[in-house]
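*Asks:* Next come the chains, spelled out residue by residue.
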Amino acid sequence: MGGELKFVQGNEACVKAALYAGLDFFAGYPITPSTEIAELMAARLPRKGGTFMQMEDEIASICAIIGASLTGRKVMTATSGPGFSLMQEGLGYAIMAEIPCVIVDVQRGGPSTGLPTKVSQGDVNQARWGVHGDHAIVALTASNHQDIFSITVDAFNFSETYRTPVILLFDEVIAHMRERLKVPEPGEIALVERLKTSVKEGVDYHPYLQREDGRLPMSDFGGVHRYNVTGLFHDMWGFPSENPTVVHELLRHLTDKIDNHVEKMTRYREYFIEDAEMLLISYGSSARSALHLVTDRRQHGESVGLLELQTLWPFPSALVREKTRNARYVVVVEMNMGQVLQSVKASVERPERVFLANRVDGVLITPADIRNILRLIQGKGV
Amino acid sequence: MAKLKLKGHLINRDWCKGCGICVHFCPRKVLELDEFDKVVAVRPQDCVCCKLCELRCPDLAIEVQTEQD
Amino acid sequence: MPAREYIRERFFPHIWCPGCGHGIVLNGLVRAIENIGLKKNDIVMVSGIGCSSRIAGYMDFHTLHTIHGRALAFAIGVKMSRPDLTLLVPMGDGDALSIGGNHFIHACRRNIDMTAIVMNNRVYGMTGGQYSPLSGYGTMATTAPYTNIDQAFDVVSMATAAGATFVARATAYHVQQLPGILEEAIRHKGFSVVEVMTPCPTYFGRKNKEGSAVDMMENLKTRTTPIGSKAKQENPSLIERGIFVKKELPEYCAEYQRIVERAMKGK
Ligand SMILES: Cc1ncc(C[n+]2csc(CCOP(=O)(O)OP(=O)(O)O)c2C)c(N)n1
Ligand code: SF4
Ligand SMILES: [Mg+2]
Chain A
1 MGGELKFVQG NEACVKAALY AGLDFFAGYP ITPSTEIAEL MAARLPRKGG
51 TFMQMEDEIA SICAIIGASL TGRKVMTATS GPGFSLMQEG LGYAIMAEIP
101 CVIVDVQRGG PSTGLPTKVS QGDVNQARWG VHGDHAIVAL TASNHQDIFS
151 ITVDAFNFSE TYRTPVILLF DEVIAHMRER LKVPEPGEIA LVERLKTSVK
201 EGVDYHPYLQ REDGRLPMSD FGGVHRYNVT GLFHDMWGFP SENPTVVHEL
251 LRHLTDKIDN HVEKMTRYRE YFIEDAEMLL ISYGSSARSA LHLVTDRRQH
301 GESVGLLELQ TLWPFPSALV REKTRNARYV VVVEMNMGQV LQSVKASVER
351 PERVFLANRV DGVLITPADI RNILRLIQGK GV
Chain B
1001 MAKLKLKGHL INRDWCKGCG ICVHFCPRKV LELDEFDKVV AVRPQDCVCC
1051 KLCELRCPDL AIEVQTEQD
Chain C
2001 MPAREYIRER FFPHIWCPGC GHGIVLNGLV RAIENIGLKK NDIVMVSGIG
2051 CSSRIAGYMD FHTLHTIHGR ALAFAIGVKM SRPDLTLLVP MGDGDALSIG
2101 GNHFIHACRR NIDMTAIVMN NRVYGMTGGQ YSPLSGYGTM ATTAPYTNID
2151 QAFDVVSMAT AAGATFVARA TAYHVQQLPG ILEEAIRHKG FSVVEVMTPC
2201 PTYFGRKNKE GSAVDMMENL KTRTTPIGSK AKQENPSLIE RGIFVKKELP
2251 EYCAEYQRIV ERAMKGK
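Chains as they are written, first to last, in our numbering: chain A, 1 to 382; chain B, 1001 to 1069; chain C, 2001 to 2267.
Extracted from the complex, chain A is given alone in its bound form (with noise of 0.2 angstroms):
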């Protein structure tokens, strides 16, 4: 299987690397554009003597691969902006129980049924906020099948590494293009494999106490060590506590162990930065139309430059603050009213010259959008 060149759409590109990855437990419900993700499971994983269900909704589905995480499975489900809206829940619960998993959002145009068949990439500050309660969240996207592929392996290991859900937030575009890929050989790409807990039989285990490194060795639902999971805020073994010093550790605990290990997580690609007055910020399908425009008018002389975020969460706010250094103007480039833009504005030194060049009509943002409104930031009219 390693090392094939194949031609593929972007959902196949994220099913051949989750299941690189080690994926065994896909549970889903059919929604475009995410629906080639379910339905590629359900051919692939039983090949492998994995598990593929569909359930009866997109709740039910982020709850059974909890469940199936839960005995040792590495899992993921696939949806999109509605389904997305409905696995909020189940998705704090992951965060609170600390259970890994990967979900994958294929963003269409929204709110409420919207354009199911369009592009957009509205759905960044949902992935970041659409769960109630403070807590941190790993979110991450990419431009190209390549990097889809890598991307999604990241998301399994971040995943296990920290014990939480990561998201992908891909988009229509990006999901139903087809492109080259090039299939890593098994171990180009290092897997992060379950922490077991080393404690044997008869002796307490902790499901909740954190190693020295800040990590949770877990045991199987099914093997030797009984303990309780709840989305209550709970002790060291699991168990439901209202004790002040415990419920602020443990929300410090959720928050701190992704906050503090933004630079590992943070993925990225950066264009002509260097000397670039012109500097686009960029990510997903928008992040191909950026990266044309800014060879094309190189090309031209013209001193553009763009960085492509490929971690969307945690914000890395660091980089941008130095990536944006030198450069006149900022521009972000996304499908959105601008929900990229503000964590860009809040990052930077300058807020007042980051800049947005926006399509939100469900079509894909042309180099020569983008184009325009730069002459329109720069003075010199369309």
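One or more of the hints may lead you astray.
[To be verified] In silico contact screen, one side only, chain A against chain C (beta carbon under 8 angstroms); selected entries:
(1) 68
(2) 221
(3) 226
Derived by calculation from the structure, the hints in this document are not laboratory data.
We put the CB at the ideal spot given by N, CA and C, even for glycine.
Since the structure of chain A is already known, use the hints to place chains B and C with the ligands on it.
*Replies:* Just chains B and C with the ligands, lined up with the frame of chain A:
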């Protein structure tokens, strides 16, 4: 089957919440609530070892200990 | 307490109110498990949210206390990954049939091997006495201060219609039958539903002037009758208890295993 003979009612006073279900449904009126609303076996000699009190206790607070006669 | 080894004694006395029937369900359940002789490491209990769902914390199994209404969906994930484990899924009436109603019927339909126990006190206990989909027409609740106009579901007919292969009704009063019914449900290979009628003296009892916990237990005695009894013919308003459905149908995990075999052979 040999008849069961009572060894005693083992009552966990910390767990008993005094709901009175065992007292009311005991066919021989063996049990009563004391002044702290905790169950006590006041007429153990009348107990027929049906164990209904044990089975019906919502608090798992009674065990009817028996031996074969 | 004979089946002591199955409970987490350090958390007792439990949080339930005096006379709450949920404790009687716990009592019956540990006896059923002891009779079967199941090993604690082989049992996973998955519950939702509600007074009833707190039962999981008291049992010394692998316990998963999830979110309101979704226990069965979590349980399916566990069972499909580890078909060898015994899955017990206690739920409240609101939990199982209101917010979780969709998962309930679909779990019945799939015939996956696990035991769903609906601890039916006809009220939302945990949130303080609102009506549930099992309260029934004419009952009173904090959210039905003038009277409830919602008709109730019948758990047994619903589970039967949805395809559960074992369906039974028991009560917290009839404790000589309760462990036996639960035992049969757990032993059954397929999706089992046991509705246990349990009193909530604190909310349902007070709101509906049903008296004390003892009075409510008396009501369970006088308002129910064994399936097909003469009493039922004479008084159709009596609620039947016993085992309604027990049939063999292909079990979901076993069927899935056949899919895996087909896929591996490439057809
Ligand atoms: C999504 C969601 N909605 C509402 C609630 C609030 N809530 C907690 S328990 C409960 C109902 C409990 O009733 P039931 O399931 O019958 O269990 P009981 O307490 O009666 O045993 C409700 C509405 C919640 N926890 N989650
Ligand atoms: S409120 Fe009702 S259901 Fe809840 S513990 Fe009290 S009696 Fe039981
Ligand atoms: Mg209830």
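*Asks:* Broken hints, numbered, in rising order?
*Replies:* none
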